[in-house]
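Spelled out from the first residue to the last, the chains are:
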Amino acid sequence: MKQSLAERAANVLTEIRNKKPLLHHLTNFVVMNDTANLTLHIGGLPVMAHAKEEIEEMTAIASALVLNPGTLSEEWVESMNIAGKKANSLKIPIVLDPVGAGATTYRTKTNLDFLNKLHISVLRGNSGEIGALSGAGGKVRGVESVEGIKHPETVARAMAKAYNTVVVITGKRDIIASANNVYYVDNGHEMMATITGTGCMSTTMVGAFIGVEKDYAFAAAAALATFGLAGEIAAKQAKGPASFKVALLDAVYNMTPAQLKKGAQITQA
Amino acid sequence: MKQSLAERAANVLTEIRNKKPLLHHLTNFVVMNDTANLTLHIGGLPVMAHAKEEIEEMTAIASALVLNPGTLSEEWVESMNIAGKKANSLKIPIVLDPVGAGATTYRTKTNLDFLNKLHISVLRGNSGEIGALSGAGGKVRGVESVEGIKHPETVARAMAKAYNTVVVITGKRDIIASANNVYYVDNGHEMMATITGTGCMSTTMVGAFIGVEKDYAFAAAAALATFGLAGEIAAKQAKGPASFKVALLDAVYNMTPAQLKKGAQITQA
Amino acid sequence: MKQSLAERAANVLTEIRNKKPLLHHLTNFVVMNDTANLTLHIGGLPVMAHAKEEIEEMTAIASALVLNPGTLSEEWVESMNIAGKKANSLKIPIVLDPVGAGATTYRTKTNLDFLNKLHISVLRGNSGEIGALSGAGGKVRGVESVEGIKHPETVARAMAKAYNTVVVITGKRDIIASANNVYYVDNGHEMMATITGTGCMSTTMVGAFIGVEKDYAFAAAAALATFGLAGEIAAKQAKGPASFKVALLDAVYNMTPAQLKKGAQITQA
Chain A
732 MKQSLAERAA NVLTEIRNKK PLLHHLTNFV VMNDTANLTL HIGGLPVMAH AKEEIEEMTA
792 IASALVLNPG TLSEEWVESM NIAGKKANSL KIPIVLDPVG AGATTYRTKT NLDFLNKLHI
852 SVLRGNSGEI GALSGAGGKV RGVESVEGIK HPETVARAMA KAYNTVVVIT GKRDIIASAN
912 NVYYVDNGHE MMATITGTGC MSTTMVGAFI GVEKDYAFAA AAALATFGLA GEIAAKQAKG
972 PASFKVALLD AVYNMTPAQL KKGAQITQA
Chain B
732 MKQSLAERAA NVLTEIRNKK PLLHHLTNFV VMNDTANLTL HIGGLPVMAH AKEEIEEMTA
792 IASALVLNPG TLSEEWVESM NIAGKKANSL KIPIVLDPVG AGATTYRTKT NLDFLNKLHI
852 SVLRGNSGEI GALSGAGGKV RGVESVEGIK HPETVARAMA KAYNTVVVIT GKRDIIASAN
912 NVYYVDNGHE MMATITGTGC MSTTMVGAFI GVEKDYAFAA AAALATFGLA GEIAAKQAKG
972 PASFKVALLD AVYNMTPAQL KKGAQITQA
Chain C
732 MKQSLAERAA NVLTEIRNKK PLLHHLTNFV VMNDTANLTL HIGGLPVMAH AKEEIEEMTA
792 IASALVLNPG TLSEEWVESM NIAGKKANSL KIPIVLDPVG AGATTYRTKT NLDFLNKLHI
852 SVLRGNSGEI GALSGAGGKV RGVESVEGIK HPETVARAMA KAYNTVVVIT GKRDIIASAN
912 NVYYVDNGHE MMATITGTGC MSTTMVGAFI GVEKDYAFAA AAALATFGLA GEIAAKQAKG
972 PASFKVALLD AVYNMTPAQL KKGAQITQA
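Going down the list, the sequences are from chains A, B and C. For the first sequence, the working numbering assigns the number 732 to the initial residue and increments by one for each residue that follows. For the second sequence, the working numbering assigns the number 732 to the initial residue and increments by one for each residue that follows. For the third sequence, the working numbering assigns the number 732 to the initial residue and increments by one for each residue that follows.
Same chains, same label: a pair holds when it works inside one copy or across any pair of copies.
Calculated cross-link-like contacts (lysine-lysine; reagent style DSBU-like; alpha-carbon spacing at most 35 angstroms):
1. Lys817 - Lys751
2. Lys751 - Lys870
3. Lys945 - Lys817
4. Lys751 - Lys903
5. Lys751 - Lys993
6. Lys751 - Lys881
7. Lys870 - Lys945
8. Lys967 - Lys750
9. Lys750 - Lys816
10. Lys817 - Lys870
11. Lys750 - Lys881
12. Lys881 - Lys783
13. Lys840 - Lys822
14. Lys892 - Lys945
15. Lys945 - Lys970
16. Lys750 - Lys870
Honestly, the hints are just simulated from the structure, not real lab data. On a predicted model such as this, the values are computed, not experimentally measured, just so you know.
Can you make the complete structure from the sequences, with help from the hints?
Shown next as structure tokens:
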């Protein structure tokens, strides 16, 4: 089972390299450079555009839409809604990263609004963020989860069902849940928590994979396995978090389907 | 004397690692990624949030507020004022970085407004910026100090007294002045001037230290000694400014209290 | 001929190091950090400022103005126009990077407006972008050229004449055309396409060179030769795109006039 999931992940990676999915990002100022680079390294094309005058036209040519309201403001939220509606109307998949949901009322409300008004293909957050959005508890301080949810699979599945989406909770073991299906990913390295934006980067990674693979739950699992495996490789060369980040981005670019087939730790519940 | 100041600095670093102060940044677009990473590496938690809808709630949970109007606009200045007032009402310390004060009337005026309307715990700038704000002279070209102040200690102390703050002038020798006290920090390396944002990063570093240590003048001195020492370590491995930046961020993360105790060059006037 | 152009390029580099041109950037959020650093590394001073309250004052002290509407919005476009008019009135050269022109109507229109309303000293884009603006064809997907122009020299020269500017089309072989003159630059490395922002960085590089050299066509050629040569040097040390970027920025900083004189591949048509 495990072997075949890793092999399937490797095939999706090959697809990305062949099709070069265009990822339209409406994302936060902190990680724009890193996520644009990551998109290129995994094999996609990034574009960052948020002006109302062009959003719909840009979304229309995208393979996936990445919504990341990490440095949100009214104007950007409006633009994200326009992009989201356009994506929905054209059946372009959306991945949402609810950065800091739970830390302020505005962040929680904005992300719940997205979930209610748009059809989100994949929601990816940490345990605190998903906890806050689900109402199941969990605590967020700034943008960091400081208290997780007690029964994450149950919460993730219930939420996936309620919003007709795939819910991803990243952590030491990543949980990827649709209404009927749960995957676990055990790749990754603790160094990933020492730099800002690894959450945002994993969301972008999900964007690349759902840009070519319609089984969104599996695509998300494959994305996280790829990114986590790159983290494992990078950790071997790092002298600290900044050299780790350089090695991480290099490892994503250098990742071969064969490497992924060998190293992806994906299991199905 | 010197030994004991270094030891005290090391103890503050230990505090940061234990308490993980949350630093709410309203900062410029150029350095957001670097300062978020630096916050994590020194041991704090970064959050970047500027929307009026959430500012007060975010500031309220912060250990310190970092105001850096390096790419200012009316909207952001308004948000900074809201955050600043909230911080003052809750006695959360504020560090202000008057990026480019002196270069344009707007920058000078905006930063003087902050100093007049808010209680700023630490003001950190280069010699040209502090000169412009104090009226003591000094010249700024873009965001770089091209002409310093003649009697920096005198100016810094007078300004510290006038605004009931701590005034930090960074340079080859850093000067940290409160109304009654002056510290000098002799750590640092000339490579720090070859990358953008070392000023902003040192301000974030001050934010982390005042987030746990209430003697703000000493906290600022300890922050600059830590950052400068990291620069010294990084310079040994750098092949140029970009590899220096990687090594600098790594060195901040890897800095131990023991290393700081041995290497911090803090003296009291 | 070739030798003497390389020597002339080396002399312009020396000028930059001596004069430290101030580059006022109104640029996109994705590359701000990289282009600010690049400006410092080549020998200039960067400043990023976009508030209407200070734009004219900041532009007035600049050696060159860099307009890069890569993450454009109405407000920023307005600011770019104000800065551009001020630069024109003071005969400060402008380099324009029409990021993603052709991808959306808004991007094409905004950049044509700049060309029509302002006097642009150098227009630098990829083949798709210049194709879209010239009406000669070319296709852009997001911000990447996916289909070039058939007769780029002809198009570039015609456009240079029509707008009284220098048109630069970067690619494997860079083309730099004024109404009467065409240069080619054959420096560069394919690794440059693996990271985001090399286009934007080459535009900033052009800004530094036109900041000190009034023969804008030659200045642009010298800028691209310098940047391309840095790419060649960096490629030898890179393990992937992120370590390539570090090495690229280091190589720009470490570039000596002698190295450039030896390695610059500039020819005149």
